[in-house]
Every structure is written in structure tokens, then in C-alpha cells.
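There are 2 protein chains.
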Amino acid sequence: MEFDIAIHNGTVLTVNGDFDIIEDGVIGIRGEKIVHIGSGSDRSIISGAKYLIDADKGIVTPGLVNTHTHLPMSLFAGLADDLPLKQWLEETIFPAEAAYVTPEFVKQATLLSCAEIILSGTTTCCDGYFYEGHVASAIETSGLRAVAGQGIVDFPAPGVANPVDNVDHAIRFVKEWAGRSETVTPSVFCHSPYTCSADTLKKAKAAARRYNVLFQIHAAETRFEADLIRSQHGVSPISYLDRLDVLDGDTLLAHTIWVDEADIDIISRTNAGVSVTTESEMKLGSGIAPVPDFLKAGVVVGIGTDGRASNNNQDLFEEMDFTAKLHKVNTLNPTVMDARTVMRLATIDGARAIGLGGVTGSIEIGKQADIIIVDVRKPHLAPLYNPVSQIVYSAKGADVKDVLVAGRPIMRNRKVLTLDVDEIMNKAVEIGNRIKRREIES
Amino acid sequence: MEFDIAIHNGTVLTVNGDFDIIEDGVIGIRGEKIVHIGSGSDRSIISGAKYLIDADKGIVTPGLVNTHTHLPMSLFAGLADDLPLKQWLEETIFPAEAAYVTPEFVKQATLLSCAEIILSGTTTCCDGYFYEGHVASAIETSGLRAVAGQGIVDFPAPGVANPVDNVDHAIRFVKEWAGRSETVTPSVFCHSPYTCSADTLKKAKAAARRYNVLFQIHAAETRFEADLIRSQHGVSPISYLDRLDVLDGDTLLAHTIWVDEADIDIISRTNAGVSVTTESEMKLGSGIAPVPDFLKAGVVVGIGTDGRASNNNQDLFEEMDFTAKLHKVNTLNPTVMDARTVMRLATIDGARAIGLGGVTGSIEIGKQADIIIVDVRKPHLAPLYNPVSQIVYSAKGADVKDVLVAGRPIMRNRKVLTLDVDEIMNKAVEIGNRIKRREIES
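Which chain is which? The protein sequence lines are A and B, in order. Start counting the first sequence at 2; every next residue gets the next number (the numbering used here). Start counting the second sequence at 2; every next residue gets the next number (the numbering used here).
By construction, these hints were calculated from the structure, which means they are not laboratory data. Because the structure is a prediction, the values reported are computed rather than measured. Some hints here could point you the wrong way.
[Stated by the list, open to error] Heads up, incomplete: computed chain B residues facing chain A, CB under 7 Å, no partners named:
1. K284
2. I289
3. K326
Just so you know, even glycine gets a beta-carbon here, dropped at the ideal spot from N, CA and C.
Kindly produce the complete structure, drawing on both the sequences and the hints.
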């Protein structure tokens, strides 16, 4: 057999339906796809490969899937912390966005996030922001796979001076990026039920249906929002969105915390996906999403980091660890959210939640070769009794050695091959210094 | 001025009483002590140093203080997860300890933990286990600072076949190690109020008082324990320990979760310290310690990782992040446990909780030079608006570049200088393989 790339000498966590684990596994890749999965005893696989990657007894897993982030917010990380969401948004983030966010800012901040994301083992991310064409271009440069959503709010936003034009602006982005990239898929991202009118939401979802793209929305994130929607519309945020007919299998709800049993039933019935961003929701004190209840109801749940400004990092390994532990302590039941369940959320379930379940999120023949290798030659990862436990509870992004997306190595031995990381950091420091000095970008 | 070592070209977080932050700071070290703190403009400091450490624009902080761990448990990490504490202890940990824990196991596991701890920026740890003389020796080899507590339970334990001898065994350890080491201080560690009788607790505390060492105990960790103590003694675990007169400023309570207002008053009145081990308590589903209430009551609180088998890592950076975020979401108040408060817990307050407040935990003249340097040339750490936020919410152990303990560099540019890390990992893998094959150690 001939392969463009073979990966060997590692423990392969397939995260397929049976969660098969192959000790001393071999993966054969042709073009962008996985075409063979076997065991190391078959030497012909290895000898038939043009390019051989030695996992060095490490753990080989599907690349992680970050189902909710705002990549361009990396340049605001640490600008303000320890504040409630509303105050943090209104007093720091919105003014900073108005003052500093330009196409160049978005490009540099996205590249910075992509570097972080690659270095921490994520191969797919689902983004929502403004100037999304610039976000998508920067993601493409990085080699990452992504769903990129143009942001929609009913007030002036970066790149959309006139809110009357907000949905059309998003549609133009979707049309421009439809089929343009092998790895970047467009989407529309309505900020929330309280920053978008019913008309905006309906129009944006109709466009998403027309162009067959993911519709993303923050929903039921804070008690403030839940109370507001109830006072305005007489129902919960989820019930309100359902009434507007914006929930279906191509809708992703983010930060979905303030929900009751009836809301969970609606989400389950409509097949909407949910992205939980545990660390951000904890840091902002927003609340605890009922993830075990979502799973019991059959809701597809993915894990996201949220933007770096509210987390403050985009390391999905850490996010898995937080997500497992938070629900154990919240239910006083250490058996919930076991390591396998959590690893599924961060890979295949996340892929399903953003509409890429057939493409990525597991190591299976026919899928895109989105694969990472975790170096276990670290004191905190030795010895190795249970590789899934090790991935969820012990490993961190910095332990990832190699990253492939669509069969293309984009990091080898912790060197990012697609980006000039030093130059990106220099520019980040430069922009940060300008913001610290309160210089307004033009 | 002449210095043995000068550290320059970094942002110094002193964590002194005013939390002074010095941009472009300089620290002069003579012998094991900090003798000068100034700013980089003073070139004579730098030129007067025999050995110069360039922080390379990084963040210079006190070495972190891990107030509660069981270093030799690293070799059990990942052996069993996602189980309740009682089942995890009784079905996995206690049998494994009975089968495998020997002096050689303890030595190798401790060295493995020390490597992990140094590589993640901790300079002081407070341990409690069995064969503690072997733990202490291994810690000394690593160059770390530590309080090492010989474990006491009322049933046969590793190295203490006859429980009648348990307290005397601990006293022998304390006498052997009193004044023996510059950096390792002995202590006694009663496992808990439910595994030690009232007589054992009183005798052990009396010995700790006689030899002026720290008395450590797990207390009020689970609802099971709280209910048990109440059914046996009619009062809460804290009230019970107070009645036995084992609480004072030289007592450290670990995992103190199941407490009410009256218990917090007792802890505050007796000046006992508390070690919160957030990640372990979350993972075991034990509960959430009322840390903001402890702080309001003036209780000295430190942060610990617990042993690696229940966490599953000993990275205090991650522990800071978890501790800040858990209490924000638990109180639905993002302003509690702000970054500075949490950083104090992980440094100076931790040092105070384990009786080393005058020795370590802050960068102040006259204190031991226990100092770490965090490399900020990483995509997830650029740009740098607020170094304290960066330390608590963004940095991880793997970002630590240099570690000094008592003025001695024990890690430079991520190379541990005191330990053969590769050999330690090889031995860990070897012992792990024997345990996987269920071979009984002799």
C-alpha cells in the first residue's frame, strides 16, 4: 500500500463509535484523508509511506474541535478581568472594539489565536466575530479547519457601520466564502437574542438555511438575559428562539446555561447543538450549563474556549479538564462526565455540533486526516495506565508535539510550519503597547 | 554591590504586602537570600553580579507554594478515575499501596513528582505520606523546599506494619529530620479524624507541639466524613478536632469543605491554616470549600494540588486558574477571588499556612531567594496588559523557564539541573508496567 504519510509507534485513540484504542497503531494517509488504520506489526504500511511520522510512544488522537471562540479577541486578553459580563462588555470590550478593531487588527489577532490553537492541539475551530473575511483569510493561512461566522448585532459594529445592513453584510460574506476554501466554511453568527431583533434573527436564519450554513448564537448565557427575554417576550430565550423558528440541526447555541427542562426538550427536539465554554462561563460568573442533562436528553454538545479575552486562553485540553471536574463537583458525583465522555465532546461531538461530523473529529477511514500527537515523555504524563484519563486530566496543550490538518503537517516537534510565530508575537506586543498607551487606531 | 546572582530584565511581582510590581526590575541575591530589589536603570547592580540571569522581558514571581500533596502517589496517577473518594481509596488506592509501596517506590515516585513540580514553577511543597524519610531524602536531592509529614493512620500502612507504633514512628521521623536539612522541614500528618482515634490525634498533636512542627490533617473533606463524625461524636469534624485541642496556628487543615459558619469561626479563632485543593476536590466530587468565606473570616488559606493520583497533575498555575474560576461561578460573582487574591494564596498565604511565611512566598529583602521566571514569548501570553491576570488565567507550568530555590538555580531554560529527568521517567514507566502486569513488589 502506498501512503503520502504514515503515523506509527503511538497509542491511537480513534474516538470512533466504539472508542477503539489501538496500542502501537498505524495510520495511513493519502491526500487529505485517512485511508488505513492498523497495528504496528504490519511493517509494509510503514515501508509504503513517502513520509513517516514517528509518534515516539505518544498518544495519537483526533485533532480537538473548539466549537466556540472569537479568535480576534486575543489582543484584548487581560485588558480587564474579574468583572461581570455586562460591565466587562459595556465598559471594556465594546469601547475597545469601537476604538481598535480594524481589518489589520483582526488579521493579526486571528493569526495570534491560530498560533496558540495549533500549539495546543486544536485542528478545527468555530469562530464568530466581525470583519470575518479577514478572520477567514488568516485562518486559511494557518492551515486550520474552521467554521467562520460573520457577526450580526443591531447596533454599529466593527466593519458594519450601519446596522440596517448587518444581515446583508453577513450574506455577502457567506456567498464570498462558499466553496472557496478546502478548510474554511462560512457561517452566520447572530450575537444574541437581546442584541438582535426578532426580524434580524429570522432574516439571518433564513439566509443560513438558503446557503446551507451553520447559524450560531449566544443563548441563555446569563440570568440577566433570561430575565430580560422573559420580560420582553414572556418566555425563556430558548422558547423565544424556537418560536422564531431559528432552531434546527444547523443551529449552534453557545453558553446555554439558564435553561429548564422544557428548554432542554426544545433543544433536543429541534436537534440544535450546544457549545459549552466552561472556563469562560466560570470566569464571568455566568453559571453552570446543565451538560449532564443535555447529554441525557440526547443533545449534541461540543466544548469551546470562548475568546481569549474572557477565558484567558484557548487551550482545549484545559477546557476538557475543567468541564469534567466542574460537573462532578456540581453534582457531587465523580462518575458523571467521565474521561471518555469528555473526550468525545472535545472531538467527534464537537464536530457534529458545528456540522462537520462527517468530516473530522475521529480517526476513521474516509475522514479528513485531522490528527495530533501528544508527547508522553514528560514527568507529569508518566507512567501511562489509561491514555484517555491522561489526555483529559493530565496533558495540556503544551504537550502536543505534532498537528496535521487535512493530511498536512502544520506543526512538527512544536514548530508551527504555516506561520511565522515570532513575527506574529512581535506584532501582538506592538499592538498591545499601542492599546496600553490608549492610542486610537485609525 | 556584590551579588552571587542578579536577575534582571523582567517584570517583578513581589507579592509583598502592597503587591508591588516593578517593571524592568532587578533582584540581587547573596547566598540563599534576597538582598536587593530595584529597577533595571541601576546598571551597577547587574555589573556587580557573579552570575546574571536575564529574564528576557518575562514575569518574575515568588516560587509557588503547594500546600498539600502526596508526592509518592504520582506512580498511581490514572490507575483509576471517575470514582467516589471512598470507593477510589478502598478499591484502588489502599490495595495498590499495600501491594506496591516500598522505600524504592516512594523514592522514585517522589523524584518523579519533584521533576513535575520544578518544571511547573513550584519551589515549596507540603507533603504527607508514608516512608516519609525516603520522601524527604528525594525532595532534598531535587533541591526543592518542603514540609514533609510522616503519615499516621490507625491501621497497618506502608512502612508501619503495627499501628500501635504509628505516632512513635512519626516522632522518630521528626527527630531524625529536625535541623538536618536547609530546605526540608519535618512534620506529622494524621490522615483524618475518621482514620485516627482521638488518642492518636491528641498524641500526634502533642508531639508536633513538643518538636515545634506542623500538624497536618485532612478534615471535613466529604459529606460521608462529616456525617460519620457527627454520628460518632455529636459534632462537626472541625468542632471535634477543636475539642481535642489539635487546632492552632501550627495546624494545617486540608480539603476543608463541609464546614458551617461556626466551624469557620473555630478555624479563624484558633488560627489554623487551610489548604484548598480545588481540582482534586472537584474531580472526586467532594464539594466546594467556602474559600471566600474563609478569607472574609481572616483564615489563612493556601492552595495545594493533592497527590497526582486524584488531580491528575501537580501544576499550581492550573490550580490557581481553577480556584479563581470555581468560586466565581459558585457565587455567580466574577469579582470574588480576583487574580491578586488567588496569586497571594499560591505564594505568601500558602507559605504562612505551612509555617514558612517568614522564609518564602514573596520577593522581599531578607527572604530566601525562591524565585521563578515565566517566559512570556508565547502566543497565549502576548500581549501583556496585566501580569497578574496573565499568571493566574493564561500561564501554565510549562511556561516557567527558570526556578531558583534558596538562591540556587535548580532549573534553567526548562532544564532541571538537580535531577536526571530522563532516568526518572524511564524508571516510572518501568514501575508502571510492572503495576499494569499486576506484579507484586517484594
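The hints, checked one at a time:
1. K284: At 5 Å from the nearest chain A Cβ, K284 (chain B) passes the 7 Å test, so the hint holds.
2. I289: holds (6 Å)
3. K326: holds (4 Å)
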